Amino acid sequence: MFLKYLIVFGVGGFVCLIAQILIIRTRMTSARILVLFELIGVLLQAVGIFEPIKNFANAGITVPIIGFGASLARGAMEGVKKAGILGIFNGGVTATSAGIAAAVGFGYLFALIFKAHSKKS
Amino acid sequence: MDKLKINQEYCKFVENRLPKTRFFPSLLWAFLVGGLICCIGQGIFDGLMALFPSLSKDDVQAYTLVILIFLAAFLTGLGIYDRIGVFAGAGSIVPITGFSNSIVSPAMDFKNEGWIFGVCVKMFSVAGPVIVTGIASSMLVGLVYYIIGLFG
Amino acid sequence: MLNRVGERTIKFTKTPKLISGYAIVGPKEGLSPVSKYFDYILKNDLFNEKTYEIAERKMLEQAICGATDKANILSTDIDVLLSGDLLNQIISASYSARQIQTAFVGVFGACSTMTESIALGACLVDGGYCGRVACATCSHFSTAERQFRSPLELGCQRPPTSQWTVTGAGCSILANEGNGHNIVYATFGKVVDFGINDMNNMGAAMAPAAADTLRALFRDTNTTPSDYDLIATGDLGKLGSEILVDLMENYGYKMGENYCDCGQLIYSNKQRSFMGGSGCGCSASVINSYILSKLDSGDYKKVILMSTGALMSTTSSQQGETIPGIAHAVVIEKGR
Numbered sequence: 001m002f003l004k005y006l007i008v009f010g011v012g013g014f015v016c017l018i019a020q021i022l023i024i025r026t027r028m029t030s031a032r033i034l035v036l037f038e039l040i041g042v043l044l045q046a047v048g049i050f051e052p053i054k055n056f057a058n059a060g061i062t063v064p065i066i067g068f069g070a071s072l073a074r075g076a077m078e079g080v081k082k083a084g085i086l087g088i089f090n091g092g093v094t095a096t097s098a099g100i101a102a103a104v105g106f107g108y109l110f111a112l113i114f115k116a117h118s119k120k121s
Numbered sequence: 001m002d003k004l005k006i007n008q009e010y011c012k013f014v015e016n017r018l019p020k021t022r023f024f025p026s027l028l029w030a031f032l033v034g035g036l037i038c039c040i041g042q043g044i045f046d047g048l049m050a051l052f053p054s055l056s057k058d059d060v061q062a063y064t065l066v067i068l069i070f071l072a073a074f075l076t077g078l079g080i081y082d083r084i085g086v087f088a089g090a091g092s093i094v095p096i097t098g099f100s101n102s103i104v105s106p107a108m109d110f111k112n113e114g115w116i117f118g119v120c121v122k123m124f125s126v127a128g129p130v131i132v133t134g135i136a137s138s139m140l141v142g143l144v145y146y147i148i149g150l151f152g
Numbered sequence: 001m002l003n004r005v006g007e008r009t010i011k012f013t014k015t016p017k018l019i020s021g022y023a024i025v026g027p028k029e030g031l032s033p034v035s036k037y038f039d040y041i042l043k044n045d046l047f048n049e050k051t052y053e054i055a056e057r058k059m060l061e062q063a064i065c066g067a068t069d070k071a072n073i074l075s076t077d078i079d080v081l082l083s084g085d086l087l088n089q090i091i092s093a094s095y096s097a098r099q100i101q102t103a104f105v106g107v108f109g110a111c112s113t114m115t116e117s118i119a120l121g122a123c124l125v126d127g128g129y130c131g132r133v134a135c136a137t138c139s140h141f142s143t144a145e146r147q148f149r150s151p152l153e154l155g156c157q158r159p160p161t162s163q164w165t166v167t168g169a170g171c172s173i174l175a176n177e178g179n180g181h182n183i184v185y186a187t188f189g190k191v192v193d194f195g196i197n198d199m200n201n202m203g204a205a206m207a208p209a210a211a212d213t214l215r216a217l218f219r220d221t222n223t224t225p226s227d228y229d230l231i232a233t234g235d236l237g238k239l240g241s242e243i244l245v246d247l248m249e250n251y252g253y254k255m256g257e258n259y260c261d262c263g264q265l266i267y268s269n270k271q272r273s274f275m276g277g278s279g280c281g282c283s284a285s286v287i288n289s290y291i292l293s294k295l296d297s298g299d300y301k302k303v304i305l306m307s308t309g310a311l312m313s314t315t316s317s318q319q320g321e322t323i324p325g326i327a328h329a330v331v332i333e334k335g336r
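Residue numbers (my numbering), protein chains in the order written: chain A, 1 to 121; chain B, 1 to 152; chain C, 1 to 336.
Treat each hint with caution, since some may be false.
What the hints assert, rightly or not - List time: in silico SDA-like cross-link candidates among lysine to any residue, alpha-carbon distance up to 20 Å:
1. A:Lys4 with B:Gly47
2. A:Lys54 with B:Ser56
3. C:Lys11 with C:Asp198
4. C:Lys238 with C:Pro33
5. C:Lys238 with B:Pro19
6. C:Lys36 with C:Lys294
7. A:Lys115 with B:Leu78
8. B:Lys20 with C:Lys11
9. A:Lys81 with B:Val144
10. B:Lys20 with C:Lys270
11. A:Lys115 with B:Ile116
12. A:Lys119 with C:Asn200
To be clear, the hints were calculated from the coordinates, so they are not data collected in a lab. Only a predicted model underlies this, so the values are computations on that prediction, with no experimental measurement involved.
My request is simple: use the sequences and hints to build the entire structure.
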């Protein structure tokens with residue numbers, strides 16, 4: 001149990017560490033970092049090495065945006081298996097629809113409730 | 001003097017003058033916060049698995065992400081998430097919570113520009129590329145997979 | 001006959017006077033080392049308004065009204081209001097002018113607007129076209145951040161070379177007569193671009209323009225840095241002002257203790273503003289409070305004020321253009 005969480009912490013932290021190095025070295029903006037890591041996830045899933053990493057690291061790799069990319073790719077692949085050509089179009093979005101809908105819905109909700117605060121530092 | 005030459009000389013000169021920042025603390029914070037967020041995700045996952053044993057692993061995974069997205073959206077609304085981001089850097093950008101933050105923050109910010117052209121349009125000003133490239137690349141993967149399936 | 005000296009410097013013959021100044025700043029700037037000189041410090045940076053944009057123009061209106069009050073004139077006594085700001089289509093300035101109801105000339109020089117408008121105003125007064133001119137500008141951290149960088153709540157780190165946009169506004173009243181400090185020279189700057197394209201390193205982008213204008217001023221007026229009690233640049237920040245000192249040394253002028261940067265003055269090191277302040281409001285608030293009081297008290301007798309601006313937009317920078325810089329200088333001598 002403890003070891004499992006240690007691995008989650010280590011892998012998740014490591015992914016963020018790589019991203020931080022990239023931010024410092026290349027001055028990438030957060031949108032670019034998100035896109036890059038998402039594409040890494042798509043790639044990992046497409047070549048089939050995401051599943052073994054996931055079995056080892058659990059949330060350490062699924063919580064970073066890499067997991068989001070992997071779900072997209074996995075959804076597309078499973079969709080193709082099930083529905084043929086139609087799967088190319090609906091597979092990826094179906095697999096990640098919960099996440100996207102949650103972000104959009106909560107975004108709308110909290111924009112309704114809260115107001116942007118000014119920054120202090 | 002050749003203008004281009006001044007440019008290059010000057011840019012090099014500025015490059016050398018850039019303040020030497022201490023890398024290490026920001027790397028450490030990114031590591032710690034990123035790891036912590038993943039652990040919270042794992043905790044939610046394990047908790048849900050224990051509470052609702054009838055759910056499939058994939059569904060629990062989806063619930064976990066929705067809960068993390070909700071938490072990040074809520075912290076963004078309270079104005080806390082951006083303060084975490086100040087020291088955590090990539091540690092709070094790369095996890096799915098950063099994705100949530102990047103959708104909620106412009107939505108809140110552009111409230112005054114109206115619901116349609118403010119909130120709805122600007123909501124994707126940061127995270128739009130993530131969704132666009134994600135969907136496009138998943139279609140590409142699906143297409144390649146389909147073609148491979150035809151031959152194999 | 002032209003009232004000019006040297007290549008680019010204007011010499012004012014009827015000595016237009018800077019008769020009063022008013023500075024208003026936000027809460028963060030209220031904690032600065034020079035905060036006691038400011039006329040008004042906001043308690044919250046929304047200024048009890050609905051949006052940051054309205055707060056910004058309310059600050060500008062208060063600065064203009066405050067400066068006219070200090071000069072014991074009505075806002076209707078102003079012949080021309082010269083004003084500009086950082087937002088698209090300089091809306092803060094135009095909407096404030098809608099309230100003030102005087103002739104209005106919108107000027108845009110990015111962060112250099114303060115000295116640009118003082119120099120222009122001095123020309124109008126010196127030429128005998130205006131009796132009283134108000135020169136005002138403002139900036140607001142939250143509006144600038146929304147326009148140029150990222151949403152306020154987005155959790156991202158600021159690079160170490162970044163600067164903090166000052167929430168503040170300042171207004172100077174120039175007049176052809178009255179009790180004030182004399183504006184003697186003005187040098188309008190050239191647009192100089194040495195190829196910096198990092199939006200988070202404005203100091204380095206503006207420093208060459210500042211050095212160019214400063215060199216022209218020294219050469220035209222046949223002076224050296226040591227002839228002045230204070231040489232104040234607008235918002236070069238820590239890195240930018242170090243580069244300026246180096247560049248000036250290359251040009252053969254040694255900048256001494258009398259050199260300071262408003263962007264560095266306005267925040268203390270503890271305030272996590274990285275290289276210092278920036279924005280129109282930076283030089284506007286420091287010039288109209290700190291430097292003006294030091295002129296009043298006699299600590300300074302002859303000063304150079306030079307606001308610096310970076311003339312890029314979000315579009316140009318997304319298209320990969322480099323950042324052009326500009327700097328306008330005015331020389332003011334103690335008169336009262």
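Checking against the hints above, which ones are violated?
3 and 8
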